[in-house]
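Asks: Sequence:
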Amino acid sequence: MFLEVGSLKKSKGATNPAGRVTIMVEADWRIEKPRSIETGSGFSSARIDSGLAALVGVRINRIEIQGRAPEINISLDNGKKFCTFTNWHRQPAWSIGFQDHGLFPLDPNWSGIDVNPWIHIQSGRPVIEYCYDDTEAFAGKAVKRMGFK
24 MFLEVGSLKK
34 SKGATNPAGR
44 VTIMVEADWR
54 IEKPRSIETG
64 SGFSSARIDS
74 GLAALVGVRI
84 NRIEIQGRAP
94 EINISLDNGK
104 KFCTFTNWHR
114 QPAWSIGFQD
124 HGLFPLDPNW
134 SGIDVNPWIH
144 IQSGRPVIEY
154 CYDDTEAFAG
164 KAVKRMGFK
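Start counting the sequence shown at 24; every next residue gets the next number (the numbering used here).
Note that these hints are calculated values from the structure, not bench results.
A quick note: this is a predicted structure, and the numbers were derived from the prediction, not measured.
Any given hint might turn out to be false.
[Claimed, not checked] Each computed DSBU-like pair below joins lysine-lysine, with the alpha-carbon atoms no more than 35 Å apart: (1) LYS32 - LYS56; (2) LYS104 - LYS35; (3) LYS56 - LYS103; (4) LYS32 - LYS104; (5) LYS56 - LYS104; (6) LYS33 - LYS56; (7) LYS32 - LYS103; (8) LYS103 - LYS33; (9) LYS104 - LYS33.
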């Protein structure tokens, strides 16, 4: 599942428009109300669609990465939370991509190159990967990994 944050813009060659930030969730997730779960990856399609549609236009108050196996917790201005959780992988299965470089500055090695930084967890630690189009070598995406220091 992809959550697009911010105004959506269509990029050259992209199928779908992207926000300033993209949150990719490859594991389980839920939307929490103050005292209960509203919907999540284990609910019916209709309930999931309804719950996700209700997020359109909602502002994010805070994004936190928490836990021993770090998961995403997003506090929303409507009092709800979007949370990931992994119970079938050894590592959390999410990534956060930054199309707006003002929100996440690029490593100087990538200056002047059209890349987007992505954060995810590998071996229990956050890792930055830079994703870029490399159409001369192959169609698709190429990735270079850079660990946090």
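Asks: So, for every hint listed, does it hold in this structure?
Replies: Hint check results:
Taken as a hint, the LYS32 and LYS56 pair is honoured in the structure, with Cα atoms around 30 Å apart against an allowance of 35 Å. Distance restraint check for LYS104 and LYS35: the Cα-Cα separation of roughly 33 Å lies within the 35 Å cut-off, and the hinted pair is therefore satisfied. This hinted pair checks out: LYS56 and LYS103 have alpha carbons roughly 5 Å apart, not beyond 35 Å. Proximity of LYS32 to LYS104 is assessed by CA-CA distance (about 25 Å); at most 35 Å being required, the pair is judged to hold.
Restraint check for LYS56 and LYS104: the C-alpha separation of about 7 Å stays at or below 35 Å, so the hint holds. Only pairs whose Cα atoms come within 35 Å are accepted, and LYS33 paired with LYS56 is accepted, the gap being roughly 32 Å. Between the alpha carbons of LYS32 and LYS103 the distance comes to roughly 26 Å, so the proposed pair stays at or under 35 Å and holds. Of the supplied pair hints, the one linking LYS103 and LYS33 holds, its CA atoms being roughly 29 Å apart against a limit of 35 Å.
For the suggested pair LYS104 and LYS33, the alpha carbons sit about 28 Å apart, so the restraint of at most 35 Å is met.
The structure agrees with every numbered hint stated previously.
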